[in-house]
Amino acid sequence: MAVKPQDFHTQLLAQQGVALPPERADALATTLAAQLQTERAATHALAFEREPSAFIRVLEGGAR
Amino acid sequence: MSELLALSATELASRIRARRVSASEAMQETLAAAKRAHARLNCFVRIDEASALAAARLADLEIERGHLRGPLAGVPMAHKDMYYREGVASSCGSRITRERPAPATATALRRLDAAGALQFGVLNMTEFAYGPTGHNYHLGHCRNAWHPDYLTGGSSSGSGTSLAARANFAALGSDTGGSVRLPAHFCGVTGLKTTTTRVSRAGAMPLSFSLDTVGPLARTAEDCALLLGVLAGQDPADATTSARPVPDYVAALARPVKGLRIGVPKGYFYDGIDASIERLVRSSLDVFRAQGCEIVDVDVPDIEPWNQAATAVIAAEAAALHADWLRERPQDYSDQVRARLELGAAVGATQYINALRLRSHALETWLAGVMSQVDVVHAPCVAFATPTIAETDVGGGPKMGQVLAQVTRLMRPVNFLGLPSLAVPCGFQPHGLPCAFQLIGRPFDEALLLRLGHAYQGATDWHARLPG
Numbered sequence: 006m007a008v009k010p011q012d013f014h015t016q017l018l019a020q021q022g023v024a025l026p027p028e029r030a031d032a033l034a035t036t037l038a039a040q041l042q043t044e045r046a047a048t049h050a051l052a053f054e055r056e057p058s059a060f061i062r063v064l065e066g067g068a069r
Numbered sequence: 016m017s018e019l020l021a022l023s024a025t026e027l028a029s030r031i032r033a034r035r036v037s038a039s040e041a042m043q044e045t046l047a048a049a050k051r052a053h054a055r056l057n058c059f060v061r062i063d064e065a066s067a068l069a070a071a072r073l074a075d076l077e078i079e080r081g082h083l084r085g086p087l088a089g090v091p092m093a094h095k096d097m098y099y100r101e102g103v104a105s106s107c108g109s110r111i112t113r114e115r116p117a118p119a120t121a122t123a124l125r126r127l128d129a130a131g132a133l134q135f136g137v138l139n140m141t142e143f144a145y146g147p148t149g150h151n152y153h154l155g156h157c158r159n160a161w162h163p164d165y166l167t168g169g170s171s172s173g174s175g176t177s178l179a180a181r182a183n184f185a186a187l188g189s190d191t192g193g194s195v196r197l198p199a200h201f202c203g204v205t206g207l208k209t210t211t212t213r214v215s216r217a218g219a220m221p222l223s224f225s226l227d228t229v230g231p232l233a234r235t236a237e238d239c240a241l242l243l244g245v246l247a248g249q250d251p252a253d254a255t256t257s258a259r260p261v262p263d264y265v266a267a268l269a270r271p272v273k274g275l276r277i278g279v280p281k282g283y284f285y286d287g288i289d290a291s292i293e294r295l296v297r298s299s300l301d302v303f304r305a306q307g308c309e310i311v312d313v314d315v316p317d318i319e320p321w322n323q324a325a326t327a328v329i330a331a332e333a334a335a336l337h338a339d340w341l342r343e344r345p346q347d348y349s350d351q352v353r354a355r356l357e358l359g360a361a362v363g364a365t366q367y368i369n370a371l372r373l374r375s376h377a378l379e380t381w382l383a384g385v386m387s388q389v390d391v392v393h394a395p396c397v398a399f400a401t402p403t404i405a406e407t408d409v410g411g412g413p414k415m416g417q418v419l420a421q422v423t424r425l426m427r428p429v430n431f432l433g434l435p436s437l438a439v440p441c442g443f444q445p446h447g448l449p450c451a452f453q454l455i456g457r458p459f460d461e462a463l464l465l466r467l468g469h470a471y472q473g474a475t476d477w478h479a480r481l482p483g
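Chains A and B are the protein sequences, given in the same order. Take the first sequence: its letters are residues 6 to 69, numbered as in my numbering. Take the second sequence: its letters are residues 16 to 483, numbered as in my numbering.
Mixed in with the good hints, there may be bad ones.
[Unchecked claim] If you only want the chain A side, here are some residues facing chain B, beta carbon under 7 Å, derived:
| no. | residue |
| --- | --- |
| 1 | L17 |
| 2 | L33 |
| 3 | T43 |
| 4 | E44 |
| 5 | R55 |
Honestly, the hints are just simulated from the structure, not real lab data. Owing to the predicted nature of the structure, the values given are computational and were not obtained by experimental measurement. Even glycine gets a Cβ: it sits at the ideal position worked out from N, Cα and C.
All chains should be modelled from the sequences, with the hints used to inform the complete structure.
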């Protein structure tokens, strides 16, 4: 049976011992969905091998 | 206001060195100004009068004997209350840490101490530095020195407004999503967001270990240069600090700016901007043009995903750090911070990691595109007229996401890229509140930003104006 995103997040937080106030569940689900959608579009073509630690190399290499 | 209080930190340090002013005299006047400012602006968490006066007397004795601790000898400073001093509790703007003594002193404070700066207090800030407006529901909202009904910006709210009120000579802030530059803009002071890894974060309260940076707020770019020279450099206590040598930032200010290429973004930064803010920010370009800089329009890539990715990284990392307290003491958070931490607890591992994977790609794109055409990028800090504290008092309610996103929109992408950015006052909005532009540079190019900021402030007096 499909779980509504609001309920999913409430359960996810409950498993971490955090009680999500019901009045915030909708906003949380909406915000996360928007973030995920934007991120998916931005990362879908990233090289398979790219990893987070590459950032420091680019930062150091990007100096004059 | 006395002549002494109107001096910059650089000017005061020079007068103390020359024994034209004593450290005790400077401290007495600063303490009196701090008490006056706090009564109106709620900008201090604590003022340590007795120990500050004792430290100033000691500094005077040392100077009389010909011993000068460093370039900041005798200069009174108060800092955002999230820089730990051994054995002392830092509130971090919260209810939770205010009785938790720090195990060690922050490297930033140790370096300022060694340079002779005299800390006389700690400053109000947003709870756990997790908010861009300056509201604080535990300590009381911090108020803008230009009009106490208006926003200070955050999270380094007390740093910004104490400087604007001339009740402090320089302050540490921290910038994870705009927390140095926003108070600089809203309060009319100068603020430097440093390159990621340039300044040690050891002993500074963490919010997001990927994005946190330590930086100064001060009255001038010259003061920021003086402080950065003291603060920057590798630190064994913070393994992430860069081994790159620290340049002489103050000496570099003297170099001419003629011929430098300043980029003006065509998109994103000016989308939907308030007309009066746009006019002030664009007018500041005339000053650089008159000094021989070349102003170049530049296309910018699609930045919004970087903004969203930064938001996810901060939320996830903050939620991990706060997991125990969020579980055990949720009632001790304000509604807004609690709501944001809850959101972070729901960010998935793949979303978080992909946001971090995107970071190097974003920086490569920015460097190869925008920064291959220009030396720095010039942009607004915020796109709307400064609102009141009441207008932005959204707590953790349904308007929270929209309001906070609007405030941080032009800030967060710079944090995501890890780049340095200097906020410089450039005039006043029609309702009398200040406005600043930001200069965004290549990695570790703080010297160039400070040089341009110094040149701008040599030709204008916005940074020297005093609240009525």
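Status of each hint after checking the structure:
1. The restraint placing A:L17 at the interface with chain B holds, with a minimum CB-CB distance near 6 Å, inside the 7 Å limit.
2. Given the 7 Å rule on beta carbons, the hint for A:L33 holds: about 5 Å separates it from the nearest Cβ of chain B.
3. Interface hint status for A:T43: upheld, as the beta-carbon distance to the closest one in chain B is roughly 4 Å, under 7 Å.
4. The interface hint given for A:E44 is met, as the beta carbon of that residue sits about 6 Å from the closest beta carbon of chain B, less than 7 Å.
5. With its C-beta approaching chain B no nearer than about 5 Å, A:R55 sits inside the 7 Å limit, and its interface hint holds.
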